[in-house]
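So the protein sequences, as listed, match chains A, B and C.
Note that the first sequence ends on residue 354 in our numbering; no numbers are left out.
Note that the second sequence ends on residue 1793 in our numbering; no numbers are left out.
Note that the third sequence ends on residue 390 in our numbering; no numbers are left out.
Calculated from the structure, these hints are not laboratory results.
Beta carbons are placed, not taken as given, at the ideal position from N, Cα and C, and that holds for glycine.
With a straight-line Cα cutoff of 20 Å, these simulated EDC-like cross-link-like pairs (lysine to aspartate or glutamate) come out:
hint	chain 1	residue 1	chain 2	residue 2
1	C	Lys388	C	Glu377
2	C	Lys82	C	Glu341
3	A	Lys281	A	Glu315
4	A	Lys282	B	Glu1494
5	A	Lys282	A	Asp353
6	A	Lys281	B	Glu1474
7	C	Lys323	C	Asp53
8	C	Lys210	A	Glu57
9	C	Lys82	C	Glu337
10	B	Lys1754	B	Glu1600
11	C	Lys210	A	Asp83
12	A	Lys281	A	Glu301
13	C	Lys297	C	Asp229
14	C	Lys210	A	Glu78
15	B	Lys1678	B	Asp1614
16	B	Lys1742	B	Asp1785
17	B	Lys1395	B	Asp1381
18	A	Lys281	B	Glu1494
19	A	Lys61	A	Asp83
20	B	Lys1573	B	Glu1474
21	A	Lys282	B	Glu1474
Label pairs and their calculated CB-CB ranges:
hint	chain 1	residue 1	chain 2	residue 2	range
22	C	Arg359	A	Leu154	41 to 47 Å
23	C	Ala386	B	Pro1466	28 to 34 Å
24	A	Leu296	B	Ser1698	52 to 58 Å
25	B	Leu1681	A	Asp308	51 to 57 Å
26	C	Asp362	A	Leu154	42 to 48 Å
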Amino acid sequence: MARMNMVQAINLALHQEMERDPSVIVMGEDVGKDEGVFRVTAGLLDRFGEGRVLDTPLAESGIIGTAIGMAIAGVRPVTEMQFSGFSYLGIPQLEGNGSRYRSRTQGQRTVPMVIRMPYGGGVRALEHHSESREATYAHMPGVKVVIPSGPRNARALMAAAIRDPDPVVFMEPKRSYRAFKEEVPETSEVLPIGQAAVVQEGTDLTLIAWGAMLRTARQAVRSVAEARGSSIELIDLQTMSPLDVDTIAASVKKTGRCVVVQEAPRNLGMASEIIAQINDRVLLWLEAPVARVTGFDVVTPYFARELGYLPTPERVEAGILETLDF
Amino acid sequence: MFEFLLPDLGEGIHEGEILRWHVAIGDSIEEDEPLVDVETDKAAVTIPSPKSGRVTALTGKPGEVVHTGEVICSIEVSGESHEAAPETVEVETAALVSTEAGVGAPPFSPQRGERSPIPAAPATRRIARELGVELAAVPPSGHARRVTTEDVRAFAAGGAAAQPSRPAPAPRQGDPAAAGPAVRAEPAAPPASATPTISSIPFLEINPLPDYSEEGPVERIPFRSIRRKVARKMVTSMILAPHVAHMDEADVTELEALRLSQRDRYQDRDGVRLNLMSFVMRAVARGLQDWPELNASLDPVREELILKRYVNLGFAADTERGLVVPVIRDAHHKSVLALAKDTATLAAEARDGSIQASSLRGGTFTITNIGPLGGTALVPTINYPEVAILGMARVSEKPVVRDGAIVIRKILPMTLAFDHRVADGAQAARFMTTLIRRLEDPASLLIET
Amino acid sequence: MPLETIQTFEIQRLGVLDADGNLDTDLEPDLSSEQLTALMRAMLLAREADQRMLKLQRQGRLGTFPPVLGQEATQTAAAFAMAEQDWLVPAFRDLGALLHHGYSLVNYLQYYNGWEEGNQVPEGTRILPPSVVVGSSLLHAVGLAWGKRYQGEPDTAVLTFIGDGGTSEGDFYEAMNFAGVWKAPVVFVIQNNQWAISIPRDAQTSARTLAQKAVAAGIAGIQVDGNDALAVYRACSEAFARARAGEGPTVIEAVTYRLGVHTTADDPRKYRSEEEEKQAWSREPLLRFATYLDEKGVLDAEGLERMRTEVKAEVQAAVDALEAMEPHPPERPFDHIFGTEHTVITEQRESFLASVRAARKEA
Chain A
29 MARMNMVQAI NLALHQEMER DPSVIVMGED VGKDEGVFRV TAGLLDRFGE
79 GRVLDTPLAE SGIIGTAIGM AIAGVRPVTE MQFSGFSYLG IPQLEGNGSR
129 YRSRTQGQRT VPMVIRMPYG GGVRALEHHS ESREATYAHM PGVKVVIPSG
179 PRNARALMAA AIRDPDPVVF MEPKRSYRAF KEEVPETSEV LPIGQAAVVQ
229 EGTDLTLIAW GAMLRTARQA VRSVAEARGS SIELIDLQTM SPLDVDTIAA
279 SVKKTGRCVV VQEAPRNLGM ASEIIAQIND RVLLWLEAPV ARVTGFDVVT
329 PYFARELGYL PTPERVEAGI LETLDF
Chain B
1345 MFEFLLPDLG EGIHEGEILR WHVAIGDSIE EDEPLVDVET DKAAVTIPSP
1395 KSGRVTALTG KPGEVVHTGE VICSIEVSGE SHEAAPETVE VETAALVSTE
1445 AGVGAPPFSP QRGERSPIPA APATRRIARE LGVELAAVPP SGHARRVTTE
1495 DVRAFAAGGA AAQPSRPAPA PRQGDPAAAG PAVRAEPAAP PASATPTISS
1545 IPFLEINPLP DYSEEGPVER IPFRSIRRKV ARKMVTSMIL APHVAHMDEA
1595 DVTELEALRL SQRDRYQDRD GVRLNLMSFV MRAVARGLQD WPELNASLDP
1645 VREELILKRY VNLGFAADTE RGLVVPVIRD AHHKSVLALA KDTATLAAEA
1695 RDGSIQASSL RGGTFTITNI GPLGGTALVP TINYPEVAIL GMARVSEKPV
1745 VRDGAIVIRK ILPMTLAFDH RVADGAQAAR FMTTLIRRLE DPASLLIET
Chain C
28 MPLETIQTFE IQRLGVLDAD GNLDTDLEPD LSSEQLTALM RAMLLAREAD
78 QRMLKLQRQG RLGTFPPVLG QEATQTAAAF AMAEQDWLVP AFRDLGALLH
128 HGYSLVNYLQ YYNGWEEGNQ VPEGTRILPP SVVVGSSLLH AVGLAWGKRY
178 QGEPDTAVLT FIGDGGTSEG DFYEAMNFAG VWKAPVVFVI QNNQWAISIP
228 RDAQTSARTL AQKAVAAGIA GIQVDGNDAL AVYRACSEAF ARARAGEGPT
278 VIEAVTYRLG VHTTADDPRK YRSEEEEKQA WSREPLLRFA TYLDEKGVLD
328 AEGLERMRTE VKAEVQAAVD ALEAMEPHPP ERPFDHIFGT EHTVITEQRE
378 SFLASVRAAR KEA
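From just these sequences and the hints, can you work out the full model?
Printed below as a string of structure tokens:
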């Protein structure tokens, strides 16, 4: 075990997966010599050489498109989009081809590739560098979307993403890159994609969060426990698509109450789908409507106003109390 | 705009019937002038106007029932402009409206003409469904008139209203981004009438049981399943329906002779045992078509008597597991033979436990025949929510007077217990008399039914 | 300081056999009679299949499809230059190339009748499915080429097609650029058939040739007479040789003409004249090649007719096979969405099948 932050943890996964499987390569803008603008790909060029760590031209569609071709060839490319705000240029390739080759050829050609991107706000960044657009990617059939919340699961989920037979959009909450450290085992650890984690058990209410919002959620849980003695079950969603409906349903069936915390804008976010699934499966166990504590349906503000936009522990707490008291 | 809510008309009365309005829409009225006459259970009352001004709205036509706390009249008060916001005189009405449950206060009634769903959490609805409880019949204790799970369970257990289990919520601070559902934002409605709690029935005192083991050995058997269900049904029936028992006897000498003469033939031909009860069922089914108020149910919420134009006869059957009441459907269309057959089939299924749940539901009238086991008379309990039940005791040979002479005849004692909310002695007597005539004269049973 | 010219460029045009039958014997590729006959047959097959498909479509027996009429040499001769281990990444108007490199006509017909099963090629066939998003597959070709080289196949190259319209897409520039940076063994063939639905070539770009777009990416570019099978073959062979030698990609602009409609849902009368089409017919590829073979003593008129009959029968057999097929299972999309199992998909599959069964009962 070693204590490390999320950047180091993802880096560890990359090193270990590239060591384990020679078909894994890394490509993106500034990932080699510069080791990535957040240093997530540190040490890879030195260790594995420019045959496997490619500093690509500045062309997102080109990166995703060629990676698709590589994946079809049998390579496992781990691509980087420097910021999620630039990844949209790669969407035509991902939506039009990456997500489709498997079904287009009925499984004959598959696209095992990873698209890494830092996402989310709270780091006082420039325009386009703070959005949370996981729902856009999760809405594409054939694409998997994974969001870690801390160093340990970031490492384990990255290993899973690299080994996965399908295109995985791996969204890294940049606010959490260096914010805290966790114990991460030396030996390789893999978490299954498509599975949420119950990080804390409880009986009174189910709180669902992902990415940077996990820490916000934890604070709210502590606060409510202190104030009211409530027992909150906290779920780290981890995979946006395919959604772990079984874990969510089992938890809500147990507690009868649920709050979802979402950094992304309110309209049509992951929370909407979660609530729809709860409606489908365990409606008759609900004691109260499922609440959402979300961002707003406005353009993400420049950083002077950013903290008011993001869900805070206070807002989450209010949502929890309202739901408990319904 | 002043909205006048119907005040408490005294002694815990919560509603009244509009007799007549003293004003029409558009009329001017002075404070203290007569506004409306309202009749309660006790008397007719004239309500004077609390304000001077112009009447802009009236709720409730003569004959309609209005409830305490409902807006019955709107008055544009003199001196106020048109644009004034409606003034709800909460202080005044709070003083007038009793918040304590009074004796005889009716159970929860919904707003007039309201057909909207009853507010209840999904979990509560599931429990209600499982317990077979109609949400509309359950007195709500939750805020904003919400029916809680506790309310449902209490109702299913026998009618006592639950105490409000959740405090009213703190003012909503919630997530500013939230635009929550309308239900949450609903302001507190006028206080709903509560059902009487047990403690409010005079002289009723339920004390904890003494420790019987102090006197001698005891055995405790769990009170479960059918036994417990029967207990619930009996308490419910006895509390809700005022029982009257009308007793009479039928001379079934000729009927019995007929029955016994035909018994073997049908036993051989159809394997059906013709019993006396089948003949009684036939006669009862016909009788219920002529006296439908004995083949009905009372809807306390909508205050309507539901007359059923079909006759599904239940008959009490004693089984190892307890008392069950299998139901013969469309008895009014069935012959004596068919009734005998169905009785035998259902009784057998009840005894061996294979009877379907659907065969235990849907009854409109019940017959209970204790005769084979003995007894000179019985006063049966109505199978709520039915409104009448016929009990048959043991047929025995008795000396009776006919044309001045004493003869020995076979006599069948019967008791019709009925719900006096719904029927009166006269109807019961007429029903029974006709029934008896048809049993005493089998030819009329054939010809008239 | 005086302006110094630091870079100029030059685009050459290659022709071997022109429309009038003039042959440049120096440039004539060294192909055996068997090879020449095979090439003719391949082009004829494309022509006949195409024509048959047009009729089927008009009869409602086939969905909308893009005919290759007039472009048989451009695509077939290019594929003819491929080696067995090379990969073909098509655009969507490449029937001649597909059929030559191992794709079956039955599959093609299935594809245009709306079945993904049409994209399933026999094991070992090195072809990707048609690309409906114009230009997007060029990047796949580049990645595929790089990937195969990375996997230890130094002699594997990739042939990929694009149209004149497609060269305006961003992905075309990005593909050439990446291929140049990586020296990827890719042969880009631009089938310049003069028309992108209704947009003529001159309205597509101010560049005088499409081949010169290669210059911007720093890679080789050449223009050829696309209706000249020999020129196309020669240019592609050279490009493949360069690629295998590690010298990187080539862009070949094959100038041809779309004699038919864009797709069967198109009416060319709205934007071009019948006169122009007639003119173009005089330059069509099959006639000139047949004449060349005849004069060379490889295949005479009778032989050609026999070949045509044979080819027609082959086409008919494919049509018969298509129409004898049972519909494929409706639930297949659920089986091929992910490589792993997930509750949400499994449930939806079951729900879908239940509604299919219910609909069948009602029917």
